[in-house]
Amino acid sequence: GQNIDQPTEMTATEGAIVQINCTYQTSGFNGLFWYQQHAGEAPTFLSYNVLDGLEEKGRFSSFLSRSKGYSYLLLKELQMKDSASYLCAVSPQTGANNLFFGTGTRLTVIP
Amino acid sequence: DSGVTQTPKHLITATGQRVTLRCSPRSGDLSVYWYQQSLDQGLQFLIQYYNGEERAKGNILERFSAQQFPDLHSELNLSSLELGDSALYFCASSVVGGGANEQFFGPGTRLTVL
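Chains as they are written, first to last, in the numbering used here: chain A, 1 to 111; chain B, 1001 to 1114.
So that you can see chain A by itself, here it is in the shape it has in the complex (with noise of 0.2 angstroms):
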């Protein structure tokens, strides 16, 4: 089966750094996806990790330990925007690339 675990709400300050981990238990890794999502919006995607270690874009990095079934989604700089849901992805089954979702983390940014 299945399962991803995140937080389901944080919420953080303006300008500050934020962590939203994700553990995941899934019968096949084809790699770990970060969406964000704002409300009624549709999924827009992050970041993919598929080895071990941290991938940087811009103010955003998502790290990844194959080893632990862990990773996270680091946002630095915060802004109000940024307020928003973050979801962690994994796709499981090689051959295709279908999705499985954990219920996602709303983010609140406060000024």
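Calculated directly from the structure, the hints in this document are not laboratory data. Any given hint could turn out to be false.
What the hints assert, rightly or not - Listed below are the simulated DSS-like cross-link pairs for lysine-lysine, each with C-alpha atoms no more than 30 angstroms apart in a straight line:
| hint | chain 1 | residue 1 | chain 2 | residue 2 |
| --- | --- | --- | --- | --- |
| 1 | B | Lys1057 | A | Lys68 |
| 2 | A | Lys57 | A | Lys76 |
| 3 | A | Lys81 | B | Lys1009 |
Since chain A is already given, all that's left is putting chain B on it; use the hints.
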């Protein structure tokens, strides 16, 4: 704008009815995915098509079916609708069908079953 289009944007119908949701992938993308997002659940994968063929299947109910046409657009058919089918239905597309690669999501169709 991801380049993925979905119609209609909103759909209100009654229990027992049947509806069809439509998706056009980004230009050049061969793979289409359907996801369901309910208030109390995350995004649930339903089904994937690649170049007209079914590639992967998730927890899609037997009352639901989908297909991908030669022009690569896809339709999701939901029948014998129940109140619990009310949700946001997203379509996504990607260039290839295998190997992990970025999916681009459409704006979604909000289905309300009364």
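Item to check | Given pair status - Lys68 of chain A, Lys1057 of chain B, alpha carbons within 30 angstroms | outcome: Holds - the C-alpha atoms of Lys68 of chain A and Lys1057 of chain B are around 27 angstroms apart, at most 30 angstroms.
Next on the checklist: Hinted pair, alpha-carbon criterion (30 angstroms max): Lys57 of chain A, Lys76 of chain A. Please report holds or violated.
Outcome noted: This hinted pair holds, its Cα atoms lying about 11 angstroms apart.
Checklist entry - Straight-line Cα separation of Lys81 of chain A and Lys1009 of chain B no greater than 30 angstroms? => result Holds - the C-alpha atoms of Lys1009 of chain B and Lys81 of chain A are around 24 angstroms apart, at most 30 angstroms.
The structure meets every hint from the earlier list without exception.
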